[in-house]
Amino acid sequence: MKKIKDMNCGDDNVEFTAMISRVVAGKTNGAHKSNYLSITFQDETGIIDAKLWNASETHMKELLEGCVVRGKGDIIKYGQNRQMKIVSIDNVSNDQNQQIQFLQKAPLDATLMMKELYGYIKKISNMKIYTIVKFLYDQYEDKIKVYPAASKNHHEIVSGLAYHTLSMLKLGEAITNVYPQLNKDLIFGGILLHDLGKTVELSGPIVPTYTVEGKLLGHISIVHTMIKDAAKQLNIEGEEVTLLEHIILSHHGKNEFGSPVLPQIREAEIVSFIDNIDARMNMIDKVLETIEPGEFSKRTFALENRAFYKPKMYK
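The sequence shown begins at 1 in this note's numbering and counts up by one.
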């Protein structure tokens with residue numbers, strides 16, 4: 001069996017086991033129309049797009065998102081990318097224990113990341129902010145530990161939410177050391193809570209999709225409500241609550257990116273920048289993983305439709 005990251009153009013009859021993270025059915029053009037499936041396979045090492053031509057009715061019914069399959073395929077070059085031409089599918093399973101094995105995971109251990117996240121909570125000296133953040137983390141700890149940070153684009157991996165949040169906290173701590181006028185409590189509290197709504201917005205780590213609440217409300221509104229409810233339950237009032245809410249509501253930086261308000265305090269501005277930096281670094285890294293040094297990547301819509309060059313000195 002070959003892992004996805006080790007599949008190279010020109011490899012024929014590659015035996016593989018992977019999970020289907022996306023599947024779209026279609027029909028060929030011409031007089032003799034036939035079914036085909038556009039599939040994205042993933043394992044713990046990466047993803048690859050694949051095509052199954054002349055798909056049978058059984059294939060159309062059984063090959064669904066989340067399925068684990070075993071099969072063979074030819075690896076071809078399609079445009080600037082690898083693509084698999086599926087030769088055969090031998091087995092299909094929907095066992096959740098098998099699904100977990102084929103999901104990409106954060107590069108750090110989830111338990112250790114949670115320990116570090118709680119360590120940052122302890123660094124919050126303002127008792128109102130500390131109490132709200134600790135209350136919400138205790139409530140959602142199990143989900144924070146395994147949930148992705150998004151359904152696509154960045155940190156869409158098991159424990160991606162914890163990894164993204166921890167990376168942001170490390171950036172935030174470094175920036176507050178350069179700019180001591182920033183309030184660390186607001187920076188840490190805002191970062192720790194900024195994407196907590198993803199635990200409600202998304203369905204979970206296995207083929208994450210948007211829930212009804214996610215589609216109708218969005219994670220920014222969800223976190224805002226979480227903070228309001230927590231403050232009410234804990235009988236906490238004051239400017240700190242409003243400032244924490246403001247950081248959450250403005251952390252996408254612009255109205256057109258989903259923030260109902262723009263950053264209007266220094267800490268909100270910094271949190272929005274840090275969020276953008278970490279998300280973009282993750283997206284760029286993913287794009288560069290698929291190409292060799294000296295090549296340009298395909299254009300990436302989420303990155304202003306830019307192609308990125310992988311310098312030869314990266315070897």
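In short, the hints are calculated from the structure, not lab data. Beta carbons: idealized from backbone N, C-alpha and C, even for Gly. Among the clues, some could well be false.
Label pairs and their calculated CB-CB ranges [to be verified]:
no., residue 1, residue 2, range
1, Gly79, Asn35, 40 to 50 Å
2, Pro107, Ala25, 30 to 40 Å
3, Lys152, Met1, 19 to 29 Å
4, Ile277, Thr45, 17 to 27 Å
5, Asn276, Gly119, 31 to 41 Å
6, Asn276, Lys215, 22 to 32 Å
Calculated cross-link-like contacts (lysine to any residue; reagent style SDA-like; alpha-carbon spacing at most 20 Å) [said to hold, decoys possible]:
no., residue 1, residue 2
7, Lys312, Phe301
8, Lys145, Ala279
9, Lys128, Ala279
10, Lys51, Thr290
Hints breached by this structure
1, 5, 7 and 9
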